[in-house]
Amino acid sequence: MMRLPWFGFRSPRSIVDAAKILAAEGPQAMLIAGGTDLLPNMKRRHQTPATLVSLRQIEALKKVANGSGVTLGAALTLNEIVANAAVRERYAGLWQAAAQVATVHLRNMGTLGGNLCLDTRCNYYNQNYEWRKAIDFCLKKDGEICWVATASKRCVAASSTDTAPALIALGASVRLVSVQGERDVALADLYKNDGIDYLTRRADEILTEVKLPAAEGWRSSYWKLRRRGAFDFPVLGVAAAVRTARDGTVEDARIALGAVSSRPFLTKGGELLIGNKLGDDAIAEAGAKVASAAKPMDNTDLDLYWRKAVVAEFVGYALREIRGDEMRETRVRIARHAL
Amino acid sequence: MTKRFDVIGKPRRRVDGRAKVTGLTRFADDVMLPRMLHCKLLRSAHPHATIESIDVSRAQARPGVHLVLTGKDFPVTFGILPVTQDEYPLAPERVRYVGEPVAAIIARDEQTAFEALDLIDVQYRPLKTISDPKEALATPEPRIHSYGEQGNIHRLQALEFGDVNEALARADHVFEDLFFYEGNTHLPIEQHASVAAVDGEGKLTLWSSTQVPHYIHRALANALQIPPAHVRVIACPNGGGFGGKCDLHNHEIVVSKAAILLGRPVKICLTREEVFYMHRGRHPVLMRMRTGVTKDGKITGMHTQTLLDGGAYGGYGAASTFYTGVLQTVTYEIPRYKFDACRTFTNKPPCGPKRGHGTPQPRFGQEVQLDRIAEKLEIDPAELRLSIVAKPNTLTANWLKIGTIGLAECIRKVVASSDWKNKFRKLPEGRGVGLACGAYLCGAGLPIYWNKMPQSGVQLLIDRSGQVTVFCGATEIGQGSDDVLAAIVAEVLGIDAYDVRCVTGDTGLTPVDLGSYSSRVTVMMGNAAIQAAERLRELIARAAAEHMETLPENVGFAQGRVFRADDPGKPMSFREAIVLAEEKFGTLGSVGSYSPPRAPGRYKGAGVGPSPAYSYTACVVEAEVDRNTGWITVPKVWIAHDIGRAVNPVSARGQVEGSVYMGLGEALMEEQVFRRLPPKLSNALVHKIPSLLEYKSLTSLDMPEVFTELVEDPDPNCPFGAKEVGQGPLLPVMPAVANAVYDAIGVRIDELPITPDKVLAALEKKAKGETPRVGPESFPDVPYPEPMLVPPPWEGGDGNSVNTPRRRPVKKEALA
Ligand SMILES: Cc1cc2nc3c(=O)[nH]c(=O)nc-3n(C[C@H](O)[C@H](O)[C@H](O)COP(=O)(O)OP(=O)(O)OC[C@H]3O[C@@H](n4cnc5c(N)ncnc54)[C@H](O)[C@@H]3O)c2cc1C
Ligand code: SF4
Chain W
1 MMRLPWFGFR
11 SPRSIVDAAK
21 ILAAEGPQAM
31 LIAGGTDLLP
41 NMKRRHQTPA
51 TLVSLRQIEA
61 LKKVANGSGV
71 TLGAALTLNE
81 IVANAAVRER
91 YAGLWQAAAQ
101 VATVHLRNMG
111 TLGGNLCLDT
121 RCNYYNQNYE
131 WRKAIDFCLK
141 KDGEICWVAT
151 ASKRCVAASS
161 TDTAPALIAL
171 GASVRLVSVQ
181 GERDVALADL
191 YKNDGIDYLT
201 RRADEILTEV
211 KLPAAEGWRS
221 SYWKLRRRGA
231 FDFPVLGVAA
241 AVRTARDGTV
251 EDARIALGAV
261 SSRPFLTKGG
271 ELLIGNKLGD
281 DAIAEAGAKV
291 ASAAKPMDNT
301 DLDLYWRKAV
311 VAEFVGYALR
321 EIRGDEMRET
331 RVRIARHAL
Chain F
1 MTKRFDVIGK
11 PRRRVDGRAK
21 VTGLTRFADD
31 VMLPRMLHCK
41 LLRSAHPHAT
51 IESIDVSRAQ
61 ARPGVHLVLT
71 GKDFPVTFGI
81 LPVTQDEYPL
91 APERVRYVGE
101 PVAAIIARDE
111 QTAFEALDLI
121 DVQYRPLKTI
131 SDPKEALATP
141 EPRIHSYGEQ
151 GNIHRLQALE
161 FGDVNEALAR
171 ADHVFEDLFF
181 YEGNTHLPIE
191 QHASVAAVDG
201 EGKLTLWSST
211 QVPHYIHRAL
221 ANALQIPPAH
231 VRVIACPNGG
241 GFGGKCDLHN
251 HEIVVSKAAI
261 LLGRPVKICL
271 TREEVFYMHR
281 GRHPVLMRMR
291 TGVTKDGKIT
301 GMHTQTLLDG
311 GAYGGYGAAS
321 TFYTGVLQTV
331 TYEIPRYKFD
341 ACRTFTNKPP
351 CGPKRGHGTP
361 QPRFGQEVQL
371 DRIAEKLEID
381 PAELRLSIVA
391 KPNTLTANWL
401 KIGTIGLAEC
411 IRKVVASSDW
421 KNKFRKLPEG
431 RGVGLACGAY
441 LCGAGLPIYW
451 NKMPQSGVQL
461 LIDRSGQVTV
471 FCGATEIGQG
481 SDDVLAAIVA
491 EVLGIDAYDV
501 RCVTGDTGLT
511 PVDLGSYSSR
521 VTVMMGNAAI
531 QAAERLRELI
541 ARAAAEHMET
551 LPENVGFAQG
561 RVFRADDPGK
571 PMSFREAIVL
581 AEEKFGTLGS
591 VGSYSPPRAP
601 GRYKGAGVGP
611 SPAYSYTACV
621 VEAEVDRNTG
631 WITVPKVWIA
641 HDIGRAVNPV
651 SARGQVEGSV
661 YMGLGEALME
671 EQVFRRLPPK
681 LSNALVHKIP
691 SLLEYKSLTS
701 LDMPEVFTEL
711 VEDPDPNCPF
721 GAKEVGQGPL
731 LPVMPAVANA
741 VYDAIGVRID
751 ELPITPDKVL
761 AALEKKAKGE
771 TPRVGPESFP
781 DVPYPEPMLV
791 PPPWEGGDGN
801 SVNTPRRRPV
811 KKEALA
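Protein chains in written order, with this note's numbering: chain W, 1 to 339; chain F, 1 to 816.
No lab work stands behind these hints: they were computed from the structure. Treat the hints loosely; a few may be bogus.
[Unchecked claim] Derived lysine to aspartate or glutamate pairs resembling EDC-like cross-links, with alpha carbons at most 16 Å apart:
1. F:688 with W:298
2. F:680 with W:136
3. W:295 with W:194
4. W:133 with F:118
5. F:688 with W:136
6. F:298 with F:333
7. W:133 with F:115
8. F:680 with W:144
9. W:308 with F:757
10. W:20 with W:182
11. W:43 with F:115
12. F:636 with F:705
13. F:688 with W:303
14. F:584 with F:546
15. F:391 with F:713
16. F:298 with F:375
17. F:688 with W:301
18. W:133 with F:121
19. W:43 with F:110
[To be verified] If we take Cβ atoms under 7 Å as the criterion, some of the chain W residues that face chain F in the derived model are:
20. 2
21. 3
22. 128
23. 147
24. 150
25. 227
26. 228
27. 229
28. 230
29. 303
30. 306
31. 313
32. 333
33. 336
34. 337
Glycine is no exception: its CB is placed at the ideal position from the N, C-alpha and C atoms.
The shape of chain W in the complex, shown without the other chains:
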């Protein structure tokens, strides 16, 4: 069995205490929520924090607040998100994304906050210590070269969170709390296009909650590409949210992509739809626009050119589902289960 390195363990009961510990321990300390990302990484010696600060005992992080929108505590598990009626009814894109993370067991442990702060992934990096030694490591950890793009000064590991693109399309923001105070940032701004330094969050900050704006008039959808019906991280995530007038004219639209860059990001595809109806041509045009922004690299499962080639098709799935087309059969074929 692969074993964890030694570490100290703290389990504060309040956000304030947790923030104090982080401030005192410095970057040697790391937060742990469900541990479903961090612990496997520690076994492979990607991260070897001196101290783990657990969020499990902090009840304040597990709240759901319904207002004009919804506020979700960062330590809610993904299955708690999936079971939440408000999410299911009003934020279908988030619901579909959360329901497709990993497996049911991992969703029982994994949290929303952990999902948003998930380490970037690359199949030169997500390997155990001995394997990485055999390639003399890489830029992201212990090495000098990025093996995916040897001329690159930057790590191009893939952002692999499912909920982030869905939440970005829904216009979510997050709250970050530290001993110095708190700040709210648009979720899209939490991310940087850098496989190593992929978050704008400071090491002493805790992501405490996710705020979703009111959902009136919006419909959303998330389509995930992965090899199998469970376990696999996305190798493409397409999230769309569209607000239409009564006559079907698009008033506002956002299309976000995941897993094709070191960050999840908003594309220009949504803007193209505004003022139009969701006709086949408009959908195809938006698909092409979104696809042009996808920059998959050869560091995940499945052929990279193929992953790029199917982006537009996946955008079509999402928009047609929002339009109200019958997509269940396609969904079952792609996701291997109904959503």
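Position chain F with the ligands against the provided structure of chain W, taking the given hints into account.
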């Protein structure tokens, strides 16, 4: 013939079922002994290098470390086949793949051992690496091994049964196709684990996840140079084997040696990565198939050429090489057959036997090619196959003896259940069905080391308490062999299967059985068990007959009772009958053994392929293929397997469905692939994805509905007629998927796995008017030797070769 059975053929919970589902089964990793130490192996980070020096002093000085071993501690080579003793437990001078063990640390716990690995300093001098067979052929130097045929070629075979060129010249059509089958691994859920301990007398016991305790016993004693009588190997129940636990593995020798040196038990549990490095799985095989057919679809002759990527060591490779050709002849009538094979060494983990051992690759080629032939001749592929199915009780061109063959019935069954006639070439675009068949051994005719002793032995203990204990060296690897053993003994003695205790896979207690490989256990162990049980029944019958004042032949055994067959109204209990027998004969016991019939072929190489019986399978797969993305979905599979007789239909169906599961994985996603870094920057050649997450195999959500039918045509060579079911049903699945994809969307993917990117690439070719196919484009020049000529039985041969072939020298270009 119409005998009623009480146990055989009844669907039952298997005898080890409760322990498995309640977590009571003790796997090797569950073995905990007092004062046990833990072992970790330092594995090479270099694909090909000489070891200049190893300094273990820092590791040795680490608190908690008890022992550090290196190649110096293991002077003797080993290898599972007597002809290929090419491995060292720890590499002394040369490493040949990333992951090869170089040193071992034995420490108080796993963590300490792991941390000490980094304290061993090894200096390597990198060598040029070889990553695939084409490179191996083009790069004779440096040689990965100094033995073998030449350069980096490990094995060459060439056999010709009748003049195939003449047969092809006579044919109305000759089909020539290239196929590639990517390598893949066994993926047992249980990772290998072993515990070694010495007793007060210094004798060694090894508990291990192994399919072949007898072979391990022999090879381990030899590797450690200790008398076999002082070694006991216990095969713990395996959490799946599939061929990956058939070799003697480095770690088994290392912990044994460490236990002897330290006088304390030593345990090792491999990580999933390490299991990928040990591998011994499916060989990647490039194939060329030439087949001549008449216009009504009769095969006139067939020529199969294979090129195997063997990885860094021999292992079972010499046998695998043969298996990429020898079983091509047992499904259909093939009057002439030629077979050339070549296995190369490469700097990757060694390949070996995986479920179907060497035969799924050429079966894939043959069945896809038949689909093409049927299309060209405008014959329904099911009808075509039905018209050429081999006949029962015949010899094949390469002198294999076919006994019963239920293949036609299998084809008819899947054609009917899948509604084939209304689906094939009739479903809307994007949906299709494909059909394929397969055949497999029920036990290899010969053991891996030459001997004339039985291949399976069974011993029975029975006493006045009424208990029946059966001892056999066969190994329960999850396939249900203990259940088969209990059922057979119970049937013969007329008792309940759950009243039989099985003691299996322990070389210190059980008679020799060669192990759980080549689908041999039901047939060989089963026949031995019948013999042992019948001998005992005979004694009990004689004692009971005396008591009941009748003849022994008139004594019946059923449902735990012993009675007069002509007057069953006054039975005695089985236990009472045993008491009578023990009074009359003294302590009771019996043995049975089995040796397969002698094979008719007498040419050199005729030893690979013969079997007491062959099992047959037919399969229809339905596929849906998205024309915009190439995405493939398999909604349903229909499969019929000729099993002779199902000992326990529940387990038999489980094996069939498990085969479909594995087959779909191989067809659609599994691949053991490697990555080379840019050579200017690095010498690395690594397994691309040695993890359960990234090495893709189906999840339960990806698994389609499977409709299974068993065809029961009892085979006289088999116990109660029961043939194998562990491997055969895998074979037709992969080609049936390929044929279904073609029916759905009109593109041929002639290489496995069939992935959406390949489908899309083929569709793009189709749109451009090019041949809508993705697959290998060329076959390299392989220095196959002049073939050994063996006339087929109907051309007047006696099973011997008529020439003494010479090896063809390497071509100049190949050396350049
Ligand atoms: C086999 C497998 C498959 C997976 N598949 C998927 C998948 O398909 N899609 C997917 O998105 N993910 C997947 N995951 C990753 C993971 O399970 C999920 O992303 C999960 O939501 C992570 O949450 P967690 O609470 O377990 O995070 P943790 O492991 O506890 O933390 C992850 C990271 O976030 C930081 N962190 C956690 N909470 C906070 C917080 N409140 N504030 C600031 N930082 C925080 C941690 O310090 C750490 O760096 C998979 C994991 C495994 C092992
Ligand atoms: S993208 Fe490059 S630097 Fe980043 S993890 Fe992969 S190989 Fe390493």
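Which hints, by number, does the structure contradict? Per hint list: zero violations.
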